[in-house]
Amino acid sequence: MADTGTLNTVAAGIDAVAPRLGEGPSGAKPRRALSSRNIMLYGTLTVAALYYLLPLYVMVVTSLKGMPEIRLGNIFSPPMEITFEPWVKAWAEACTGLNCDGLSRGFWNSVRITVPSVIISIAIASVNGYALANWRFKGSELFFSILIVGAFIPYQVMIYPIVIILREIGLYGTLSGLVIVHSIFGMPILTLLFRNYFVSLPEELFKAARVDGAGFWQIFLKIMVPMSLPIFVVAMILQVTGIWNDFLFGVVFTRPDTYPMTVQLNNIVNSVQGVKEYNVNMAATILTGLVPLIVYFVSGRLFVRGIAAGAVKG
Amino acid sequence: MTGQAQAGRPIKLLRNLNAKIASIPMILTALVIFVGGTLWTVFYSFTNSKLLPRLSFVGIDQYERLWAAPRWVTAIENLALYGVLSLIFSLVIGFLLAALMDQKIRFENTFRTIFLYPFALSFIVTGLVWQWILNPDFGIQSVVRSLGWTSFTFNPLYTPEIVIYGILIAALWQGTGLVMCLMLAGLRGIDEDIWKAARVDGIPMWKTYLFIVIPMMRPVFITTIVIIASGIVKVYDLVVAQTSGGPGISSEVPAKYVYDYMFQAQNLGQGFAASTMMLVTVAIIIVPWAYLEFGGGRKRG
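Sequence lines, in order, name chains A and B. Numbering follows this note's numbering, with no gaps: position 208 of the first sequence is 208. Every position in the second sequence, counted from 1, becomes a number in this note's numbering once 1000 is added.
Isolated chain A, as found in the complex (with noise of 0.2 Å):
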């Protein structure tokens, strides 16, 4: 979606107007790398570049000083000596209420609960787009509605009757409830994606393998499937950011010894007792950051088509 732009920069004169021959009387105007327009411009989009990175450096930067050093210096200052002991303490250390061990068990409740709640999720939401956008059945849009409508619904009117049930079924605080919890209400997003990836899939494909005696799973394990992973790439990028970074349905439906980790760094960092390690909250917060960071790094572009799909999740 962003490629021409940056192709037609790089030659602005004679090179970039060739292919375009034709098209109209004015082609690109030759411009001058240092003309007024261009410093305007690098210099705007420089300012606000350095205001987005500014809490990323400030975070780092804090998180590598020992204490003394931060009660001295302002929050912009570098690290005169840089120490990783804030890194080792928030991992292994930190105290929240009655476990001192550190954002670690956080780490892996996170684990635990956001690879089977993708698994899950995304199984099931691309099997209902499936059914949704090749075998309709009489109800099916309607069902889809409601689950679509449902995902403006907000979700603190829904929360208590959830409780209720999983109380009912014994999972209410376990890892297992929340993973269901998840998969529940990732569901609308992820059906009416795969459901539109389905829907542009060509018919004649689907036809095919009718006429040739391919049943409802069949088809989708040997046909759509295949033909479908970047959407399953994308839905899993969306997928694990969203649920990585969950607070409310963490701090509503687990107990402390199954908190995930953003309600473990927030009890950490917002505890009123003791003094405040401001260079350990950072480090913990960093850490907490570090796995949507990483997936957002690593997967560029797909990362903003999974966002700009599912952005109504938010």
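If you're looking for bench data, these hints aren't it; they were derived computationally from the structure. Please note: incorrect hints may appear among the correct ones.
Stated by the list, open to error - Heads up, simulated PhoX-like pairs for lysine-lysine below, C-alpha to C-alpha not over 25 Å straight-line:
1. A:138 to B:1020
2. B:1020 to A:222
3. B:1196 to B:1104
4. B:1207 to B:1196
Unchecked claim - To spell it out: a stretch of chain A is covered by chain B in this simulated footprint if at least three of its residues, at any positions, have a beta carbon under 8 Å from a beta carbon of chain B; those stretches are:
5. 55 to 66
6. 99 to 110
7. 299 to 307
Just so you know, these numbers come straight off a predicted model, no measurement behind them. Positions of the beta carbon are idealized from the N, C-alpha and C atoms, including for glycine.
Fit chain B to the supplied structure of chain A, relying on the hints for placement.
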């Protein structure tokens, strides 16, 4: 529209059966959680449930108590202020960044990566970072003071009157990248010929944006507004991480009110009534949008 009509008649019953079995999770979620759960909450908001939900109806008592509570009124005022400002600023900043990015610039990917990375972070992380930057003893205030302006005061998170702006700064930092991406996609969807025609006619660039391009991007704007607005109503994590609703109750928001009454104050009826009010708010946003998008007067403007 698609081929299901012609797809195959002979084994219709079996075909439907498979699809129906596969759709059971979706049907259950739609009916039990989304419809059932919502009705349940609305229904019980008319009872005086305390620690446990129970069926003793008190009419609209809970709602009267809700609107008489200063804490709820503060929450609504905060949400309104925060909502209007974050909507305006997200759209303006997001669009400006997108317009700059659309000038066939170099390093477009680098800039996009920088503007968007905060969106990958959770609200908790965002809130804690900005809590640190806005910390009066170490953050911006102390930095400016150490430069010589000793009376400089910028302490939003501990000043009740302006605490909501402190939250707004963090929210904009986190969310404008997404708006920029959506706007950029919208700008890229505009035909190059429009720009050429405008240039031939000698229309200045800002006028082209204001009177031609932005009106053409109406669908993108509407979608973006709906996305931002539904996020605004839900705002919770950010407030918890940055201020925990304080100082006092001055940064209270409805989502936090609901949580506190349901799970901490053991006053379920209040929680249900408050969440029903959130539902009403969302409905007010969504219904006109759904009407515009799917309703009758489409494309007539």
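We went through each hint and held it up to the structure:
For the given pair, residue 138 of chain A sits about 10 Å from residue 1020 of chain B by alpha-carbon distance, which is consistent with the 25 Å threshold. For a cut-off of 25 Å, the pair hint linking residue 1020 of chain B to residue 222 of chain A stands: about 20 Å separates their Cα positions. For a cut-off of 25 Å, the pair hint linking residue 1196 of chain B to residue 1104 of chain B stands: about 15 Å separates their Cα positions. For a cut-off of 25 Å, the pair hint linking residue 1207 of chain B to residue 1196 of chain B stands: about 14 Å separates their Cα positions.
Evaluation of the coverage hint for the stretch 55 to 66 of chain A: fulfilled, as 5 residues show C-beta separations to chain B shorter than 8 Å, against a requirement of three. Only when three residues or more bring their CB closer than 8 Å to a CB of chain B does the claim for the stretch 99 to 110 of chain A stand; here the count is 0, and the claim is violated. Counting residues of the stretch 299 to 307 of chain A whose CB falls under 8 Å from any CB of chain B gives 4; the rule of at least 3 is met.
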